[in-house]
Amino acid sequence: MVNKTTLKFNGMIGMVQRKEADVAIGCITITYERNMVVDFTLPYLMESIALTTCKPRPIPQWRALFLPFTNSIWVILILSIFFFTSIHWLFTVQIQHDPGFTLNQCFFNTYKSFFNQAIHSWPKDYSSKILFIFWCLFVLLITAAYSSQLISSLTSPTLSKALNSVEEIAEQNDLNVVFTNGTIHEVILRDSKEKAFKKLWKKIQSQDPSETFTNSLDELFADMYPNCSSVIVMDYTPSHAASMINYMSLTGKSYLYQLKEVFFNMGYGFALQKDSDLTHSFNHFIRKSLYYGLNMKWIQDTIFKMRLLNNQKVKTNLELENQKNIKINLMHLQGAFFALILGFILSIPIFMTEKLLMRQPRK
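Here the sequence shown is numbered in the working numbering, starting from 1 and rising by one per residue.
If you are wondering where the hints come from, they were derived from the structure by calculation, not from laboratory data. Treat the hints with caution; some may be incorrect.
[Said to hold, decoys possible] Lysine to any residue pairs mimicking SDA-like chemistry, simulated, CA-CA at most 20 Å apart:
(1) Lys-274 / Leu-65
(2) Lys-112 / Lys-161
(3) Lys-161 / Cys-228
(4) Lys-112 / Ser-152
(5) Lys-112 / Ile-49
(6) Lys-198 / Ile-49
(7) Lys-288 / Asp-277
(8) Lys-297 / Asp-277
(9) Lys-112 / Phe-84
(10) Lys-129 / Ala-118
Only a predicted model underlies this, so the values are computations on that prediction, with no experimental measurement involved.
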């Protein structure tokens, strides 16, 4: 960080500024303020800032019954049952005066059609028959679409919606935005004039300061998946490497998730003392490595080598997973048991109401 009044830095930049070190080598972002007190080499890597959090969690399986349709579709279907019951009753009872139908019978005919139950009482007039036939066609299409989606919802977990923008992060009250101590990310967000980043910075200011900064990303990453309460602001490449190497499940899937949106492109360089004779030599080396594409190759090779260390363990666990018989268990059928319990809960007050209404007074 920097004292804006005296332009005195701490950390590695401060050591070079005070001539305690000739050069500072690392992931050092080139900024205007830093360049006023030290010289930078050519950027050896262009980097972006990424937001990293844990992967979306599976939605509870008891909600699988409702996942095939959106909320608006469910409301429309419920309203359509009552609407068609009214039309059915109006046609058969009020207009055609069919003595074999009552309002209750019209409702249960409409309701049973959703569950492929036999309709024993059909209207006598053709207009009502045509109306009911097309209702059954409508129900057939709806149930076919629902059944196909329900199978996939029951057998494979559905994940919650992934966060993919700064605006979405800023609106999450249960997530803390975390920085690594001594990085430039806090300054970049604080000084940004973009509306989305201003909103994000306002959220950061409302957080507990002890939960906003960390000295150890490893501890934060390790704690992130079970709690899933943090969003880390860090450079894209280290974040990508961490998700690819260290934080993976036994089957090789990463626990971490990077938002698709990255921002603030910036360059990494080596910091040297002002007017240092070493600047030309470093720049010459950086030009050659960039020309031959060595920088990205070194990064990719490092990630690849580190992943090789985990490959055998991942392969072994995948073989064990494949050997298991895939069976439908209680987790998959939470929705079915939820429907059964809901039926019991609804039937009890209805049963008691019927008993009260039908109870005959004693003589």
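Quick rundown of the hints versus the structure:
| no. | hint | result |
| --- | --- | --- |
| 1 | Lys-274 / Leu-65 | 67 Å, violated |
| 2 | Lys-112 / Lys-161 | 35 Å, violated |
| 3 | Lys-161 / Cys-228 | 14 Å, holds |
| 4 | Lys-112 / Ser-152 | 25 Å, violated |
| 5 | Lys-112 / Ile-49 | 56 Å, violated |
| 6 | Lys-198 / Ile-49 | 16 Å, holds |
| 7 | Lys-288 / Asp-277 | 19 Å, holds |
| 8 | Lys-297 / Asp-277 | 29 Å, violated |
| 9 | Lys-112 / Phe-84 | 13 Å, holds |
| 10 | Lys-129 / Ala-118 | 15 Å, holds |
Consistency note: the structure conflicts with the earlier hints numbered 1, 2, 4, 5 and 8.
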